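Colleague: Sequence:
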Amino acid sequence: MDFLTFIFLVIVLCILLFLVYYFFKGAKGDLAITSPVESRVDEYLDRRFQSMVEDWQLVTKTRLAKFQDQRSSELEQDEARVAELKNYESGMKNTLSSLEARLDVLEKELAGKGNAKK
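So the sequence shown is numbered by this note's numbering: it starts at 8 and just counts up by one.
In short, the hints are calculated from the structure, not lab data. Remember, predicted model here, so these are calculated numbers, not experimental data. The hints are all genuine.
Between beta-carbon pairs, the in silico distance windows are:
{"no.": "1", "residue 1": "S97", "residue 2": "P43", "range": "55 to 61 angstroms"}
{"no.": "2", "residue 1": "W63", "residue 2": "V89", "range": "21 to 27 angstroms"}
{"no.": "3", "residue 1": "Q64", "residue 2": "L110", "range": "46 to 52 angstroms"}
{"no.": "4", "residue 1": "S104", "residue 2": "W63", "range": "41 to 47 angstroms"}
{"no.": "5", "residue 1": "R55", "residue 2": "L110", "range": "56 to 62 angstroms"}
{"no.": "6", "residue 1": "S42", "residue 2": "E81", "range": "41 to 47 angstroms"}
{"no.": "7", "residue 1": "S42", "residue 2": "D9", "range": "40 to 46 angstroms"}
{"no.": "8", "residue 1": "A108", "residue 2": "F74", "range": "44 to 50 angstroms"}
{"no.": "9", "residue 1": "K115", "residue 2": "L65", "range": "56 to 62 angstroms"}
{"no.": "10", "residue 1": "R55", "residue 2": "Q75", "range": "22 to 28 angstroms"}
{"no.": "11", "residue 1": "W63", "residue 2": "E107", "range": "42 to 48 angstroms"}
Note that CB positions come from ideal geometry on N, CA and C, so glycine has one too.
Work out the full structure, taking the sequences as your base and the hints as a guide.
Modeller: In structure tokens form, the structure reads like this:
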């Protein structure tokens, strides 16, 4: 075995050791040795979720639960107001449709009277 082959084998061995170390150690070190692939995927998903929360300025579940606990009475009042507005809207639609029907009847009567006078 010549010197170049020896150097090549040492480099390949170092690369393999680094890859094995990186695979088991992970970027943050929270990997289980019994299931390294699943741990690696979980770690990746956790990092992606955290970056998504930061990028999109999303709220975490704990902060959302805390907000809901603090503001639940106000949220219920707002929901009641929205329900009242929807009832008012449906009532106004009914009123407007009846007014339009009455206007149509009056327009027909006026058109009939206008034709009768000629």
